[in-house]
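Undergrad: Here's the letter readout for the chains.
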Amino acid sequence: MPCLLLAACGSSAGSTGTPQPPTTAIVVFAAASLSKVMPQEIAAFQKAHPSITVAGDYEGTQALLTKLEADGTLADVFASADRVHMTTAQTKGLVTAPRDLAVNTLVIAVPPGNPAHITGLADLARSGVRLSIADKSVPAGNYAEQAFAIAESNSDVPAGFAKAALANVATRPTDVETVVSNVAAGVVDAGIVYATDARANSGISALPIAQRDQPVTVYVAAATAESRHAGAAQQFLAFLLSTQGQALFHDAGFASPGPTAQPLQNGAPATP
Amino acid sequence: MSIAARGIPRITPVRLLVAAACAIAAAFVALPLIVLATHTSPGALRQALSDPLVLDALRVSLVTTVISLVIVVAIGTPLAAALARGRFPGRAALDALVGLPLVLPPVVAGLALLLAFSPSGPLGQALQPLGVRVPLTESAVVLSQCFVAGPFYVYAVTAGLSSVDRGVEEVARTLRAGPWHVFRTVTLPLIRPALVYGMVLSGARALGEFGATITVAGNLQGRTQTMPTAIYVAFERDPDGAVALAVILAVVSFVLLLAVRGLRLARAAV
Numbered sequence: 578m579p580c581l582l583l584a585a586c587g588s589s590a591g592s593t594g595t596p597q598p599p600t601t602a603i604v605v606f607a608a609a610s611l612s613k614v615m616p617q618e619i620a621a622f623q624k625a626h627p628s629i630t631v632a633g634d635y636e637g638t639q640a641l642l643t644k645l646e647a648d649g650t651l652a653d654v655f656a657s658a659d660r661v662h663m664t665t666a667q668t669k670g671l672v673t674a675p676r677d678l679a680v681n682t683l684v685i686a687v688p689p690g691n692p693a694h695i696t697g698l699a700d701l702a703r704s705g706v707r708l709s710i711a712d713k714s715v716p717a718g719n720y721a722e723q724a725f726a727i728a729e730s731n732s733d734v735p736a737g738f739a740k741a742a743l744a745n746v747a748t749r750p751t752d753v754e755t756v757v758s759n760v761a762a763g764v765v766d767a768g769i770v771y772a773t774d775a776r777a778n779s780g781i782s783a784l785p786i787a788q789r790d791q792p793v794t795v796y797v798a799a800a801t802a803e804s805r806h807a808g809a810a811q812q813f814l815a816f817l818l819s820t821q822g823q824a825l826f827h828d829a830g831f832a833s834p835g836p837t838a839q840p841l842q843n844g845a846p847a848t849p
Numbered sequence: 003m004s005i006a007a008r009g010i011p012r013i014t015p016v017r018l019l020v021a022a023a024c025a026i027a028a029a030f031v032a033l034p035l036i037v038l039a040t041h042t043s044p045g046a047l048r049q050a051l052s053d054p055l056v057l058d059a060l061r062v063s064l065v066t067t068v069i070s071l072v073i074v075v076a077i078g079t080p081l082a083a084a085l086a087r088g089r090f091p092g093r094a095a096l097d098a099l100v101g102l103p104l105v106l107p108p109v110v111a112g113l114a115l116l117l118a119f120s121p122s123g124p125l126g127q128a129l130q131p132l133g134v135r136v137p138l139t140e141s142a143v144v145l146s147q148c149f150v151a152g153p154f155y156v157y158a159v160t161a162g163l164s165s166v167d168r169g170v171e172e173v174a175r176t177l178r179a180g181p182w183h184v185f186r187t188v189t190l191p192l193i194r195p196a197l198v199y200g201m202v203l204s205g206a207r208a209l210g211e212f213g214a215t216i217t218v219a220g221n222l223q224g225r226t227q228t229m230p231t232a233i234y235v236a237f238e239r240d241p242d243g244a245v246a247l248a249v250i251l252a253v254v255s256f257v258l259l260l261a262v263r264g265l266r267l268a269r270a271a272v
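Same order as they appear, the protein sequences are chains A and B. All residue numbers for the first sequence refer to the working numbering, where the first residue is 578 and numbers rise by one. All residue numbers for the second sequence refer to the working numbering, where the first residue is 3 and numbers rise by one.
The set of hints was computed from the structure by calculation and includes no laboratory data. These numbers were taken from a predicted model, which means no experiment stands behind them. Careful: at least some of the hints might be erroneous.
Covered by chain B, per the in silico footprint, the following chain A stretches (three or more residues, Cβ under 8 Å) [claimed, not checked]: (1) 631 to 643; (2) 718 to 725; (3) 785 to 792; (4) 809 to 820.
On the chain B side, residues computed to face chain A include the following (Cβ under 8 Å) [to be verified]: (5) Ser122; (6) Asn221; (7) Thr226; (8) Glu238.
Selected chain A positions facing chain B (in silico; Cβ < 8 Å) [as the list claims (entries may be wrong)]: (9) Ser714; (10) Val746; (11) Ala747.
We put the CB at the ideal spot given by N, CA and C, even for glycine.
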């Protein structure tokens with residue numbers, strides 16, 4: 578009993594006596610489609626690094642880049658949903674050394690019960706079908722248009738498909754999350770979203786798009802050039818690329834940046 | 003000691019405080035807008051005004067705002083009369099309910115409208131047999147504008163009607179004038195400033211509506227993309243174009259409000 582008391586005393590004295598190590602707070606700007614997995618990554622990272630706290634801001638990649646352009650100190654890490662926006666950030670000197678993070682795939686999302694009886698890409702061009710596809714400035718919207726064009730050039734859909742499908746678009750939201758909610762609310766018959774979005778939202782069903790019709794949907798992350806906590810930012814990036822970090826991406830339905838996505842520096846694409 | 007010349011108000015601590023408050027308020031609103039204006043040029047404005055995206059957004063905004071205003075006046079005028087003159091149970095509750103959109107975040111209004119009019123929502127289901135779909139259409143833009151901008155008109159007209167001296171109407175009535183005649187020749191001229199003020203305020207608010215619109219009407223150029231939606235989307239794609247658009251919208255709104263002030267002052271002078 579005295580032992581226990583002593584132990585209790587000792588531990589409480591220890592926790593109040595020794596000052597907590599100073600915490601570093603970093604901000605991560607992450608593409609809206611990372612909004613489900615990134616909080617898990619952050620939680621796991623903070624567990625391993627108690628002295629660093631990470632706050633996530635999830636919006637359309639293009640919106641995050643606009644914010645970074647206005648003030649490069651707003652974030653310490655930028656995770657883009659495509660190469661295009663990361664390259665822009667790099668050209669403007671906003672980020673340093675981008676790394677491929679994960680790869681996603683596109684799916685056709687339909688509301689519960691699939692009221693318009695969509696079975697594949699070709700149905701999206703049917704007359705009267707209403708679609709939600711992210712704005713062209715949003716990576717997800719750009720990818721969707723690419724997928725339409727690839728499918729048409731692969732002759733997986735009739736000629737004129739891409740034009741007809743785009744004419745069926747009823748709205749072009751500024752992030753892919755809104756596409757998901759449009760579909761879930763049933764105000765459109767279908768939308769193009771990421772496989773991970775469909776997996777994380779029980780309110781929608783996903784129909785696959787053939788692998789050969791998929792554009793390269795790679796997420797690229799980098800520390801920002803003006804980060805005041807470059808060390809912590811690099812630690813977080815390293816965690817995202819670590820076995821543990823990649824396992825979380827896998828669990829959420831992402832693939833590792835492997836043969837389908839070439840690293841930024843090394844331009845040689847992997848031949849199928 | 004006395005430095006106050008004739009005509010110049012004497013400086014007192016209270017007046018200084020009031021002047022400071024006015025200056026702070028004016029600067030608070032004007033400064034960011036002036037900075038906004040300095041980020042554009044006549045060339046950029048001209049270019050914006052020839053951009054099909056801008057022209058589409060202007061057209062969608064103006065057409066929907068006019069339709070919304072017609073609906074708001076048609077329904078809002080009798081509503082305001084009931085609120086100002088009526089004696090019925092629940093009048094206070096109705097008054098508060100009508101004003102609710104003034105304090106609700108517009109995105110909440112949009113969400114509520116979306117859920118109500120979605121295919122599984124009660125109103126959406128009621129409209130389905132008629133083949134009418136509201137979400138992501140022009141009707142949704144009008145609905146959002148009516149929802150958010152309507153109370154501005156209703157409250158302005160209610161206030162106008164409440165301030166009318168009922169004795170004047172009584173006199174007209176004792177002269178055997180019918181109720182419609184009394185309204186047209188006595189009440190209407192008295193509340194005309196309130197009507198115009200309410201219409202302009204409501205119209206300007208409808209023109210600027212964004213949160214509810216983008217939620218329930220979505221974003222499609224030429225159909226549901228209004229000026230505010232276009233500014234939001236363009237800001238991420240073409241910041242210079244967005245600023246030009248924003249300046250155009252701010253100037254139009256300011257001129258509208260200034261015109262109403264001028265109108266009221268002119269009336270007061272008569």
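Undergrad: Now look at each hint and say whether the structure bears it out.
TA: Hints and how they fare:
no., hint, in the structure
1, 631 to 643, "holds (count 5)"
2, 718 to 725, "violated (count 0)"
3, 785 to 792, "violated (count 0)"
4, 809 to 820, "violated (count 0)"
5, Ser122, "holds (6 Å)"
6, Asn221, "holds (5 Å)"
7, Thr226, "holds (7 Å)"
8, Glu238, "holds (4 Å)"
9, Ser714, "holds (4 Å)"
10, Val746, "holds (7 Å)"
11, Ala747, "holds (4 Å)"
Checked against the numbered hints given earlier, this structure breaks hints 2, 3, 4; the rest are met.
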